[in-house]
Amino acid sequence: MKKIMKKIAALVLGALIVAPAYAGMDDVVYTLPVIGSAASSTNSATYVVRGQIEGIYVDFTTGCTGTVTVASDRGQTIFSKATITTDTAYYPRTPVQNYAGTAMSLANNGTNGADGVGTTIVPSVWEKFAVAGDVTVTVVGETATVTNSAVITLIVNE
Amino acid sequence: MNDAYYTKDGDRPELAALAAQVIPPEGFIADKVMPIVPVAEKTGTIYYATVTADATAATSRSAGTGPTAVQISDTAGSFTTVEHSTRGAITPDEAKTMGSIEKADEVGAKYAIRNAMIALETDICRHILGKAASNNFDAPKCLEDIQTALYTVSLYDGKSVLIAATATLKKMVQALIADSAMGPVFSRLISGASPAIAATGMNFAAWRSALAMFLGVDEVLAGNDKVWNATDYVGHFAIAKIDDSNDPLSHKYRPILGKNYMFMPDGKIPYQIETVADRVNLNNLYTCGIWFDSQLLNTGALYVFDGVQ
Chain A
1 MKKIMKKIAA LVLGALIVAP AYAGMDDVVY TLPVIGSAAS STNSATYVVR GQIEGIYVDF
61 TTGCTGTVTV ASDRGQTIFS KATITTDTAY YPRTPVQNYA GTAMSLANNG TNGADGVGTT
121 IVPSVWEKFA VAGDVTVTVV GETATVTNSA VITLIVNE
Chain B
1 MNDAYYTKDG DRPELAALAA QVIPPEGFIA DKVMPIVPVA EKTGTIYYAT VTADATAATS
61 RSAGTGPTAV QISDTAGSFT TVEHSTRGAI TPDEAKTMGS IEKADEVGAK YAIRNAMIAL
121 ETDICRHILG KAASNNFDAP KCLEDIQTAL YTVSLYDGKS VLIAATATLK KMVQALIADS
181 AMGPVFSRLI SGASPAIAAT GMNFAAWRSA LAMFLGVDEV LAGNDKVWNA TDYVGHFAIA
241 KIDDSNDPLS HKYRPILGKN YMFMPDGKIP YQIETVADRV NLNNLYTCGI WFDSQLLNTG
301 ALYVFDGVQ
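Top to bottom, those sequences are chains A and B. If you're matching positions, the first sequence starts at 1 in my numbering and goes up one per residue. If you're matching positions, the second sequence starts at 1 in my numbering and goes up one per residue.
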């Protein structure tokens, strides 16, 4: 019995070790400890991020006001907002294109006719940002007297 | 206070020798990254080797003419050592509490030496992790990226190392395990064949050797977090070629990363310790002084990554 238990324990541990990691939600934390105490003082950090940006949480020091920009190395501006004063969660989305690369408008959603036949409903024309590369968060302090600092957290579905 | 709790005045080489005992487990790696070159003068000229670019071998040499020669020569630079001094103080009554003046001497000297060492470590870290990053750490692509770094530094002499703060190394391990592509490979590499080996393989030394094996470097140097994980260097790590020759003059003929020029007043021990029994202020003073100038001779032997989080 002891032997069997040992074998089972070894198998379970072995399975745990070789089990592949699965995708899921992750947080990428950009800590910009000291942006500076002058207005327009800037600091930034870059990490490689892979996945869809679900949301962005901005956490400023009390009394600090600033502009936060999140941009990818593919030229996407994922988020850019000036004069943020309070700690807030944001959920930026981007318009999508159809298969021909044409921007989709709400008209593309179609209408669900009275008979409900022959119409196509596109679920959404706004989609989460997909990133797979360098994502840079830049914070520009707007308060002159406070030592601005910020922690920007990207919630990523990997 | 009793005379027995006042220290001796003067130079204390026996206390300076305690330097070897001061190094904390998660180490001070400056001496490995930039080996010490003892110098007799505070300033001077250094001649050091650089990499001479390779030339394509000629296949059409005319009879009677020699192959084109590429001149290989040393580059000249200069060093100026600067004094870094720190001082600890222990009152005679504290010395009595510690048991004896010998014990107090050891505590005071170690404190002063440690602070001098931190100064040296900080200076060398500035050269290494302070270099502008060439790439950002990306767990799924790390083998490819590290290979690019190793290729970039390949023409320089010495052994290839990964230099990072202990905290950064642990974050790298965490990111590699969490990655769906690299995680299983890395886990198997560290765990070996059986769970029993996995259990013993989980200490930090094992992770470090696994990182070295996985990334294809000769050694992983874990720097003390106080210095190597300072705010400016959070998330940084470097791939470098460091001198492994034990020859203080190797920089003259081998293109290596850098050297630390240390002026040693007595020619032997870099850490000079002086103790003073200060009867005016009723104190024992322990002063450590070192003179050094660390020089990054070949910046091409260094490739820095940022973005480990």
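Please keep in mind that the hints were generated in silico from the structure rather than gathered at the bench. Check before you lean on any hint, since a few could be wrong.
[To be verified] Lysine-lysine pairs mimicking DSBU-like chemistry, simulated, CA-CA at most 35 Å apart:
1) Lys128/A <-> Lys81/A
2) Lys252/B <-> Lys128/A
3) Lys171/B <-> Lys128/A
4) Lys159/B <-> Lys8/B
5) Lys81/A <-> Lys131/B
6) Lys42/B <-> Lys81/A
7) Lys141/B <-> Lys32/B
8) Lys128/A <-> Lys32/B
Given the structure is predicted, the values throughout are model-derived calculations rather than measurements.
inquiry  = Need the list of violated hint numbers for this structure, in ascending order.
reply    = Numbers 2, 4, 6 and 8 - these are the hints that the structure violates, sorted from lowest upward.
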